[in-house]
Amino acid sequence: MTWVIVGASAGLGRALAEHMARDGRSLMLVARDERDLSSLASDLAVHHGTRVRFLAQDADVPGVLADRLHQSLAGEEVEGLLFPVGTIHDGDDGRLDPARVHQLINVNFTAIACVMSRFLPVLLAQRRGVVIGFGSIAAIRGRGRNVVYSAAKRALESYFESLRHLTEREGLTIAFYVLGYLDTGLAFGQRLLLPPAPPAVVAARVCRRLHDARGTHHLPRYWAVLAAVLRAVPWWLFKRLRF
Amino acid sequence: MVSFDGGTRLRQGLLRPDRYRELEALPADQPRIVKGGGYSYAAAGFGGGGLVQDARAFNRILAFDPESGLLECEAGTQLGKIFELAAPLGWFLPVQPGYPRITVGGCIAADVHGKNQFRDGTFRRVVRSVRLYHPRHGTILLGCGDPDGAFELTCGGLGLTGHILSARLQLARLAGSRVRVARRRIDRFEDTLPMLLEHAGQADLLYTWHTFTARGEGFGRGFLYDGRFIPDSRRDDSSPPSVVSIDARTRRRLGLQLLNRATTGIFNGAYEVWQAARPQEHETDLFSFLFPVARKVLYFALFGRRGFHEYQMIVRGDTFGDLARALKAYLARHRIPVTLASCKLFAGSTRYVRFDGAGLCLALDFPRGEPGTRFAAFLDGLMCELRGIPNIVKDSRLPREVVAACYPDYAAFREALRVYDPARIYRSEVSERLDL
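In order, the protein sequence lines correspond to chains D and W.
So in the working numbering, spot 90 of the first sequence is number 75, and the numbers just go up one at a time.
Plus 5 on top of the position in the second sequence (first one is 1) and you've got the working numbering.
For the record, the hints were derived by calculation from the structure and aren't laboratory data.
Be aware that a few hints might be false.
[To be verified] With the C-beta cut set under 10 Å, the calculated list includes, among others, these residues of chain W facing chain D:
| hint | residue |
| --- | --- |
| 1 | 63 |
| 2 | 76 |
| 3 | 171 |
| 4 | 249 |
Quick caveat: nothing in here was measured; it's all calculated off a predicted structure.
Note that CB positions come from ideal geometry on N, CA and C, so glycine has one too.
Start from the sequences, fold in the hints, and give me the full structure.
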């Protein structure tokens, strides 16, 4: 029984891999750079003795990623797929060049949809399995600072809602976590309104409820309150906010 | 960023890469320096006018062979992580400093010493190979067999030859999992060297403690500690104790400099009485033996925000008497609150700017301030006069002239660095101050 982590080489993905390896789970790690994956897989195998495989593939080519991952796990039972994958670009203010726009949408949304298009039939045939997606508080309200990124993350949230609706009676667990500030490379050096949460803490929370966290959740939890407040802010006020 | 001793404070651009491609993303001519755990007393991991790359995310164990004890890890790996993996399997790093959050890369760059340098040498002795990245050379593998290659330049090279990515280390078999430490009285500072020589061949841990606040005949009296593994002692299966964070930030919390002229005599006296009251022999667990500083945050915190000086030096055996007399005379005239005076025995030879050589290694701690700075300058003069070696990574103010005078290979190291990297893109406050 294998768990797939797409976006496993750093940040939350790496923290999830470390936590799940500690729990003795067999892993398939996916990320862009073989050097990062190889190092992480070795570390997890040395420390925990678990079976850790990896696939080096850029999520910017979603179809290839989905096909290669599907081939790698052909005939195997898949326990679950986690998608802590994502990227941001400086200058995502609506004027990015098309190649970068494609990359943002591919990595943050299309890659996940493509991988699921390959693995959903597998999970449905098994009549069991876990799928976990990760969104961002940047997608709660559209804002001028992350135009394409927040659109892609909001699409992802909608996609997971649809996935949950689709598989409601099929025995699958579909969960979506809206993440607040995390102490990862994406947030490092930025002026943040609140302290970033350590990825290991967030990973522990996700892993604690791997099989029963259906629906949408916020991590850290207090972001649920902040998100509700932010949604309630009237447009005349929201348009004046700079964050 | 602040050096561990509090002597250097700089604002500087900091990067925190966590993927290999990010290491290569900087323009090739961008000046930079790599930061490990940040426990160098001098600013070896920042300064220099470029960017700082925090390497702590690269902290993975790449391979470990429990049969041979050969371990390969990324350079950001902390010593405590190696301990947690290797000790239950009967292995340990025979050369390592006393704080578990120090990184392997830092140990290589500073060529640190451990519990008994006289017998075990410096960290370089356990390094079999190093994988190094430099924009000019790409990623290169440096083996320990080449006496004139970049390996020699990198071990003890203060991080100036490039970004140490990973290293293969030869661990040693644990003779036991508990250590028996015997204490011997030292009546006079001058007796230290012969007593250390008497114990050096067998001890797994060997150091002395002295009080430098006592006056007259009692000056420098203290204790010698000889620790040895208890063969086949049973492993303590409880998880390692928690490590207390030590850095300039934790020191700043206290604010005041509580170790000062008024209190240090009491502090040293209390320690001496406490030690004398303990049994002559005691047992300690492996973690406390390897990482004695892990829970001693209070000692460093007592120096407050201003920080402290540590002056660590190696003097030849035949000049130790002169050193002892000079220190006694100076400290009789000036009431410098020396909070720590500790000796170890060293063997080996000095090459490049490595803190290595044959003789006695003495470390002195004292509060930062005007009298302390004058005392450090006095010690500089003493090192030049006695042809001793001051430790570059333990002193954030050590002047270039002193290093140039004391290290016979200073010019050779400087020249070799320039041949290896004419643009000298790896720079730190230390390299700039010492004109390396």
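Worksheet item: For this structure, which hints from the list above don't hold up?
Response: Going through the list in order, the structure violates hint 4 alone and respects the others.
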